[in-house]
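> One letter stands for each residue in the lines below.
Protein chains: 4
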Amino acid sequence: MKRYLTLILLLCSCAAFAQVEKSMIVTDSISSAVLGCKKAYNIYLPQNYKKDIDKFYPVVYLLHGYSDDNTNWTKRGHVRDVMTNLVRSGEVQEMIIVMPDASKKNGVPNACHGYFNQPDWAYEDYFFTELMPQVEKKYRIRADRTNRAIAGLSMGGGGTISYAQRHPELFSAAYSMSAFMGTPVDYNKERHSHPDVMVFVEGALRHDCVKYVREASPEILEALRSVRWFLDCGDDDYLLEGNLEFLLAMKRAGVPMEIRVREGAHNWEYWNSALYICLPYFNRGFDRF
Amino acid sequence: MKRYLTLILLLCSCAAFAQVEKSMIVTDSISSAVLGCKKAYNIYLPQNYKKDIDKFYPVVYLLHGYSDDNTNWTKRGHVRDVMTNLVRSGEVQEMIIVMPDASKKNGVPNACHGYFNQPDWAYEDYFFTELMPQVEKKYRIRADRTNRAIAGLSMGGGGTISYAQRHPELFSAAYSMSAFMGTPVDYNKERHSHPDVMVFVEGALRHDCVKYVREASPEILEALRSVRWFLDCGDDDYLLEGNLEFLLAMKRAGVPMEIRVREGAHNWEYWNSALYICLPYFNRGFDRF
Amino acid sequence: MKRYLTLILLLCSCAAFAQVEKSMIVTDSISSAVLGCKKAYNIYLPQNYKKDIDKFYPVVYLLHGYSDDNTNWTKRGHVRDVMTNLVRSGEVQEMIIVMPDASKKNGVPNACHGYFNQPDWAYEDYFFTELMPQVEKKYRIRADRTNRAIAGLSMGGGGTISYAQRHPELFSAAYSMSAFMGTPVDYNKERHSHPDVMVFVEGALRHDCVKYVREASPEILEALRSVRWFLDCGDDDYLLEGNLEFLLAMKRAGVPMEIRVREGAHNWEYWNSALYICLPYFNRGFDRF
Amino acid sequence: MKRYLTLILLLCSCAAFAQVEKSMIVTDSISSAVLGCKKAYNIYLPQNYKKDIDKFYPVVYLLHGYSDDNTNWTKRGHVRDVMTNLVRSGEVQEMIIVMPDASKKNGVPNACHGYFNQPDWAYEDYFFTELMPQVEKKYRIRADRTNRAIAGLSMGGGGTISYAQRHPELFSAAYSMSAFMGTPVDYNKERHSHPDVMVFVEGALRHDCVKYVREASPEILEALRSVRWFLDCGDDDYLLEGNLEFLLAMKRAGVPMEIRVREGAHNWEYWNSALYICLPYFNRGFDRF
Chain A
1 MKRYLTLILL LCSCAAFAQV EKSMIVTDSI SSAVLGCKKA YNIYLPQNYK
51 KDIDKFYPVV YLLHGYSDDN TNWTKRGHVR DVMTNLVRSG EVQEMIIVMP
101 DASKKNGVPN ACHGYFNQPD WAYEDYFFTE LMPQVEKKYR IRADRTNRAI
151 AGLSMGGGGT ISYAQRHPEL FSAAYSMSAF MGTPVDYNKE RHSHPDVMVF
201 VEGALRHDCV KYVREASPEI LEALRSVRWF LDCGDDDYLL EGNLEFLLAM
251 KRAGVPMEIR VREGAHNWEY WNSALYICLP YFNRGFDRF
Chain B
1 MKRYLTLILL LCSCAAFAQV EKSMIVTDSI SSAVLGCKKA YNIYLPQNYK
51 KDIDKFYPVV YLLHGYSDDN TNWTKRGHVR DVMTNLVRSG EVQEMIIVMP
101 DASKKNGVPN ACHGYFNQPD WAYEDYFFTE LMPQVEKKYR IRADRTNRAI
151 AGLSMGGGGT ISYAQRHPEL FSAAYSMSAF MGTPVDYNKE RHSHPDVMVF
201 VEGALRHDCV KYVREASPEI LEALRSVRWF LDCGDDDYLL EGNLEFLLAM
251 KRAGVPMEIR VREGAHNWEY WNSALYICLP YFNRGFDRF
Chain C
1 MKRYLTLILL LCSCAAFAQV EKSMIVTDSI SSAVLGCKKA YNIYLPQNYK
51 KDIDKFYPVV YLLHGYSDDN TNWTKRGHVR DVMTNLVRSG EVQEMIIVMP
101 DASKKNGVPN ACHGYFNQPD WAYEDYFFTE LMPQVEKKYR IRADRTNRAI
151 AGLSMGGGGT ISYAQRHPEL FSAAYSMSAF MGTPVDYNKE RHSHPDVMVF
201 VEGALRHDCV KYVREASPEI LEALRSVRWF LDCGDDDYLL EGNLEFLLAM
251 KRAGVPMEIR VREGAHNWEY WNSALYICLP YFNRGFDRF
Chain D
1 MKRYLTLILL LCSCAAFAQV EKSMIVTDSI SSAVLGCKKA YNIYLPQNYK
51 KDIDKFYPVV YLLHGYSDDN TNWTKRGHVR DVMTNLVRSG EVQEMIIVMP
101 DASKKNGVPN ACHGYFNQPD WAYEDYFFTE LMPQVEKKYR IRADRTNRAI
151 AGLSMGGGGT ISYAQRHPEL FSAAYSMSAF MGTPVDYNKE RHSHPDVMVF
201 VEGALRHDCV KYVREASPEI LEALRSVRWF LDCGDDDYLL EGNLEFLLAM
251 KRAGVPMEIR VREGAHNWEY WNSALYICLP YFNRGFDRF
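Residue numbers (my numbering), protein chains in the order written: chain A, 1 to 289; chain B, 1 to 289; chain C, 1 to 289; chain D, 1 to 289.
If you are wondering where the hints come from, they were derived from the structure by calculation, not from laboratory data. Note that beta-carbon positions come from the ideal geometry of N, C-alpha and C, so glycine has one too. Heads up, a few of these hints could be off.
Residues on chain A that point at chain D, a partial pick, calculated with CB under 10 angstroms [said to hold, decoys possible]:
1) His78
2) Ser217
3) Asp236
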């Protein structure tokens, strides 16, 4: 698959002078010194990306959930189809979307270590010191805070919030879907008993998004207020309780937030439809190019 | 206005054999022994109500908010226009909608005593022993629990929840919009300092909807689970915090609930659009006639 | 009412240095030499209009339907409430909305002469030589094509299309709701037999929007393509047929157009909800201030 | 894949007495004498289908488009996920959904012969004399008109309309998405020049849905009025023109029809979202079980 996409990329490069060029999703990768392995990511490139070679774009980091990897927003989130629709209707301008891989599959099926630093898995270091700088250098990305946003689902929703909480200087907007907040009510003994799952859960519990808000200093709260926050969670989602606690904490801390609780549960129909809210929301905060 | 509507009613009665008869909202009233005065209510009557004289309908009680009265769901909620749309599209069958008056305006502008018993204002007694039985006898209402639902906004959202909490044997469904829950966070010293407002607020605080759930016995919880609950509150509503607390309490008590937090604030645009969710939701629980 | 609104305007002028200032709708008027009478209009002024005295705004002309006048978009379209919602959610920037009066009520109930020149009613001359220039001079309006759009319902939907067809140099966008196209199928002998109605209908038939497209020269078609068109009509609207004919004509002429046929009929619930599509659509074409 | 699904079916059969049983989509097949080959179909079976062995269900026939087959509504339409959502929210009751295969791939890539009888491809005979009776006998389907509906996309949208036009005695409702109407404007010389495509196109042109309405006798029109029609087509769909012509023909013939023209083009994002309108629409016409 990856090879096939690389081929497409090559063909498209050659076709740079052709009249119409479609948007595409390419699988690329980074040789990570931090993680000690090659790490893939998917990247959405706008229509005419190869043609308008002087144009730079806003960027969205789009994080996957547990048991998924860098390919699922493409395969089941249909992010390219959604972008095609939103660009055509004028609700978003073209942007670049980076879909990283936070799974770890060393022969262990379903093992997924998540977005936080763990023993032998310094993912957060990888994200901020390797992935982000390298991608923003390689592709024509407007590498400034105003034009950089982050979103994610479930485990990636918690990653989204925690990253933006601790790096409000990097992200101007954060959109979390059906987030695993890392708060005690999220932890379910039965559901999370498997040792593979526990690695991710322990990482998340150490970055409890609710606790972070409750214990934030006035300076940190002030920084949090500089981010445009959006929380989206289905009314039948088993993670709703943690999300409600987060909303209450944000409310009490005086940090404004867009909120949607829509009809739905913890599934891809919800996340696919969330893109139609998320991407126009980001776009309204980006500069217009 | 009232006289005009009565006239319409009369004319329509005479026109009972005419071919097409429109739905209508009539202002009617009850001489209340409990309240010691005449009390108005608005009532929505289906198309052909006067013609199909053997047909009985499900009933919805629709409660107004503070500073409003029985006329506002008609004038600003546009409930008749909404019903026309929903019946035409087939999303609801015809039903009867009763809009009571919980305001008390004895020369005191803005005084509104609300849905709970107060000194000299036994409104709850009036509602259950006079209004409901008399209306359900006078009009062709299917006076059974399955086909009876209650909804309301703000002060009337709290009324909706509290009535259904204490009378699950009467209502099969309850839909609250932007509810004043009567829970401490709802109380705002500045906003609620005026003596007129205080009467309503004190009544509501004595019927704290959150506390009711938290302290409910297993038997009461079991009864609560027999009601179809729906909570709808805008993400910019100043009452959102109390609503979130209520949701958490229901979640922890194991009482299922439909939930929507939509884009919006404490205003009529929200409540008018809420009718398009509320009435089809009720209809799905009613019998089909 | 008008006096009351003028008073509000005065008070607000005095309160120019106060901290928070709400948006408002003011009724203003023009002494029209063309029409030989004083002609009212409603105008929506943004929050802080009186405070930010150097700020200029995009402008939308919003046309009423038959039997209405300049006040109905305010009273029943709830345009100010809609703007409050859309500005708060970030879907539109602040703009100025002008609601003219195309009714003529000289003791003749329901007489409404419409948007086209008639004997003794040179409304189109009034609109383009008096209303538009005077309003754009008096209020802080960005008086350029990019930031000027036009919308309207029913009779005003036809007015919208015909004005933008013949003045593509003035409007960058046109949004028609449930339009009376002035095309033969719109004309209904029974419905339009009354002499008062006939004045409007004759004017509309002389400006058949479908015929205009069918007979347009290549130069005119090229000009039409410079306008962003949007057509919105309910599937139960009695005017749908004329709207479908217009769509076919535009399609065959190669003039792109946004189209929505939503569930609904010829009523205010439709037009109120249309504003939530129309105003963000205009905003996406306006410059960002 | 098929073998895998059959295995699931077997396992589920064994698990008939287990407490919770999920809905599923099974690939089954028919040995068709008419077509002279084995023909596959996908079938959605409700939750607890194996458990509630006395329960019968309404049925929806869901037709695929050109270049697809019986698997695409499952793989890209996500029909099972949609059903899970709609059943949970109460917007539809459980039903059975049959997804036939109208492709023909005898070593010829992309050849798809469609829903009409062709030389060596008597698909319509297969559909009505083999598929429908056999499926409705094998599975617990309420085999009556009231509880039978048909829907489809593109080529399958045209199939939907034509089948329901000529068999109003079999289907109580028909929902067409982005339909290829078989009307001359649908035919595009360049797009349809390939000989494989031409087989399907010729079949469709011989069953021009617009012409059928225009030339219908009063008796046929009366029969058409007994069907609940719904037409859904994106405003950027290249087939919109044919759809508009069909709407005009239906309008002029006095056959009522639900209509939606939504933002969108000829793609799966549109058809997936269409299911959320289509299935509740069907459900409102079905009996309630």
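> Against this structure, judge whether each hint is valid.
Status of the hints after comparison with the structure:
Restraint check, A:His78 versus chain D: the minimum CB separation of about 7 angstroms is within 10 angstroms; hint holds. Using the Cβ-Cβ criterion of 10 angstroms, the hint placing A:Ser217 at the interface with chain D is not satisfied: the shortest such distance is roughly 42 angstroms. Checking A:Asp236 against chain D: minimum C-beta separation of about 6 angstroms stays under 10 angstroms; hint holds.
Violated hint: 2 only; the structure is consistent with all others.
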